[in-house]
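Protein chains: 2
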Amino acid sequence: MIIKSNIKRLLQYRICLGKFKELGFTRVYSYNLGNAAGVSPEQVRKDFSTYGITGNKKAGYEISSLLEILNRLFGMDKTHNIIIVGMGNMGRALANYNERFITQHVYIYAAFDMDPSKHNKTSGMPVFPLSKIPDIVSKNDITTAIISVPAIAAQEVCNLLIDVGIKGILNFAPIVLKVPDHVVINHLNLSTEIDAIIYYLNEKLDTR
Amino acid sequence: MIIKSNIKRLLQYRICLGKFKELGFTRVYSYNLGNAAGVSPEQVRKDFSTYGITGNKKAGYEISSLLEILNRLFGMDKTHNIIIVGMGNMGRALANYNERFITQHVYIYAAFDMDPSKHNKTSGMPVFPLSKIPDIVSKNDITTAIISVPAIAAQEVCNLLIDVGIKGILNFAPIVLKVPDHVVINHLNLSTEIDAIIYYLNEKLDTR
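Protein sequence lines correspond, in order, to chains A and B.
Per the working numbering, the very first residue in the first sequence carries number 1; after that it's consecutive.
Per the working numbering, the very first residue in the second sequence carries number 1; after that it's consecutive.
It should be emphasised that the hints constitute simulated quantities derived from the structure, not laboratory data.
Mixed in with the good hints, there may be bad ones.
A pair holds if it fits inside one copy or across any two, identical chains being indistinguishable in the list.
[Said to hold, decoys possible] DSSO-like cross-link-like pairs, simulated, lysine-lysine; straight-line CA separation at most 27 Å:
#1 Lys19 with Lys167
#2 Lys132 with Lys118
#3 Lys78 with Lys57
#4 Lys58 with Lys118
#5 Lys8 with Lys178
#6 Lys167 with Lys139
#7 Lys21 with Lys178
#8 Lys8 with Lys46
#9 Lys167 with Lys8
#10 Lys118 with Lys8
#11 Lys132 with Lys21
#12 Lys57 with Lys132
#13 Lys46 with Lys4
#14 Lys178 with Lys167
#15 Lys8 with Lys19
#16 Lys118 with Lys139
#17 Lys139 with Lys4
#18 Lys19 with Lys4
#19 Lys139 with Lys21
#20 Lys19 with Lys178
#21 Lys132 with Lys8
#22 Lys58 with Lys46
#23 Lys132 with Lys46
#24 Lys132 with Lys78
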């Protein structure tokens with residue numbers, strides 16, 4: 001199963017709401033939120049109404065209660081332990097995000113790599129051999145994993161993770177992974193992120 | 001300026017169209033494309049019609065001509081040189097993507113870091129001090145940059161890049177950067193990518 005785009009929009013709204021709150025605002029209109037998130041006000045209202053959230057035409061939405069609903073919807077009222085498989089440059093970069101993830105109720109519990117020289121239990125993120133995955137996943141009720149191994153190893157690692165009960169995967173390997181329908185997969189495509197920027201630069205070059 | 005969500009959807013359709021083509025299909029319906037991209041068929045048709053692309057109710061869209069239109073729209077008919085600022089784990093991981101970027105018409109031309117021990121011109125990606133940015137950017141007509149420095153340095157690096165003419169930025173630093181309206185910024189938020197997965201797992205736990 002892939003992630004529906006309305007879910008990513010709701011998360012984008014959540015980030016924008018956090019910023020508005022930081023700036024001292026207590027209420028917000030669909031127009032402000034759409035502007036900040038890059039969508040139309042109609043889209044904002046439609047997305048919220050899907051989840052039974054309605055605003056007031058004159059007074060807009062109340063930021064704190066909106067954040068509370070979104071936090072509950074995204075399970076942010078509890079901590080989620082996740083694992084990383086593949087401790088190359090990307091895996092190590094992701095492991096550094098742990099401090100930040102904690103505040104978001106996500107905690108990278110352990111990392112795994114095939115290379116014995118990367119295994120350690122003394123400092124920073126613990127790194128284990130792949131053979132430890134079943135044990136650590138089942139003992140710690142872990143259901144989400146990040147794959148950051150080379151493309152050639154990614155499908156095999158993906159199959160192994162699903163076999164031991166992983167239900168959600170964030171994939172950084174530059175390959176589209178096949179997963180059964182009960183597993184949620186999020187392919188993070190770096191080329192796409194660059195291409196989206198180039199679209200605007202390309203458009204500007206055309207119209208000047 | 002931030003990236004509108006319809007642009008990211010078009011790029012998602014492009015990836016799905018590539019996969020359909022690989023599988024030997026020549027035509028596709030908005031239903032198939034919506035299903036593969038995680039949006040409704042109506043959304044697919046609406047997004048395409050914004051760019052004057054219309055399908056045939058009975059025969060759907062022709063994949064090759066659709067890909068051609070999208071490639072032109074996203075400037076994929078020419079090569080775009082980009083730079084990376086910050087060669088920590090994330091920067092080095094991104095630099096490894098170069099081979100893949102080439103096929104997408106994006107080429108990482110050079111990287112920059114404040115740390116002299118990371119500078120080299122002999123192997124792999126050339127890494128220069130930040131003082132070389134103005135010269136290299138202007139001589140090679142570079143308009144896009146990736147920021148992968150620590151959060152504390154990111155706004156300063158961002159300002160420097162804009163001063164020398166960078167118009168598009170992909171930001172990996174875990175901070176929301178302020179840019180003038182003529183600059184396109186794409187914040188890649190790793191927490192959001194994980195949160196989107198957790199939404200589905202959370203939903204399943206609730207409904208079982």
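Results for each hint:
| no. | hint | in the structure |
| --- | --- | --- |
| 1 | Lys19 with Lys167 | between (31 Å within a copy, 24 Å between copies) |
| 2 | Lys132 with Lys118 | within (14 Å within a copy, 34 Å between copies) |
| 3 | Lys78 with Lys57 | neither (33 Å within a copy, 47 Å between copies) |
| 4 | Lys58 with Lys118 | neither (58 Å within a copy, 56 Å between copies) |
| 5 | Lys8 with Lys178 | both (21 Å within a copy, 22 Å between copies) |
| 6 | Lys167 with Lys139 | within (15 Å within a copy, 49 Å between copies) |
| 7 | Lys21 with Lys178 | between (40 Å within a copy, 17 Å between copies) |
| 8 | Lys8 with Lys46 | both (14 Å within a copy, 19 Å between copies) |
| 9 | Lys167 with Lys8 | both (18 Å within a copy, 25 Å between copies) |
| 10 | Lys118 with Lys8 | neither (34 Å within a copy, 36 Å between copies) |
| 11 | Lys132 with Lys21 | neither (43 Å within a copy, 39 Å between copies) |
| 12 | Lys57 with Lys132 | neither (55 Å within a copy, 53 Å between copies) |
| 13 | Lys46 with Lys4 | both (15 Å within a copy, 17 Å between copies) |
| 14 | Lys178 with Lys167 | within (13 Å within a copy, 37 Å between copies) |
| 15 | Lys8 with Lys19 | both (17 Å within a copy, 23 Å between copies) |
| 16 | Lys118 with Lys139 | within (23 Å within a copy, 41 Å between copies) |
| 17 | Lys139 with Lys4 | neither (31 Å within a copy, 42 Å between copies) |
| 18 | Lys19 with Lys4 | both (24 Å within a copy, 18 Å between copies) |
| 19 | Lys139 with Lys21 | neither (39 Å within a copy, 43 Å between copies) |
| 20 | Lys19 with Lys178 | between (37 Å within a copy, 12 Å between copies) |
| 21 | Lys132 with Lys8 | neither (32 Å within a copy, 38 Å between copies) |
| 22 | Lys58 with Lys46 | within (17 Å within a copy, 30 Å between copies) |
| 23 | Lys132 with Lys46 | neither (45 Å within a copy, 48 Å between copies) |
| 24 | Lys132 with Lys78 | within (25 Å within a copy, 46 Å between copies) |
Checked against the numbered hints listed earlier, the structure breaks hints 3, 4, 10, 11, 12, 17, 19, 21 and 23; every other hint is satisfied.
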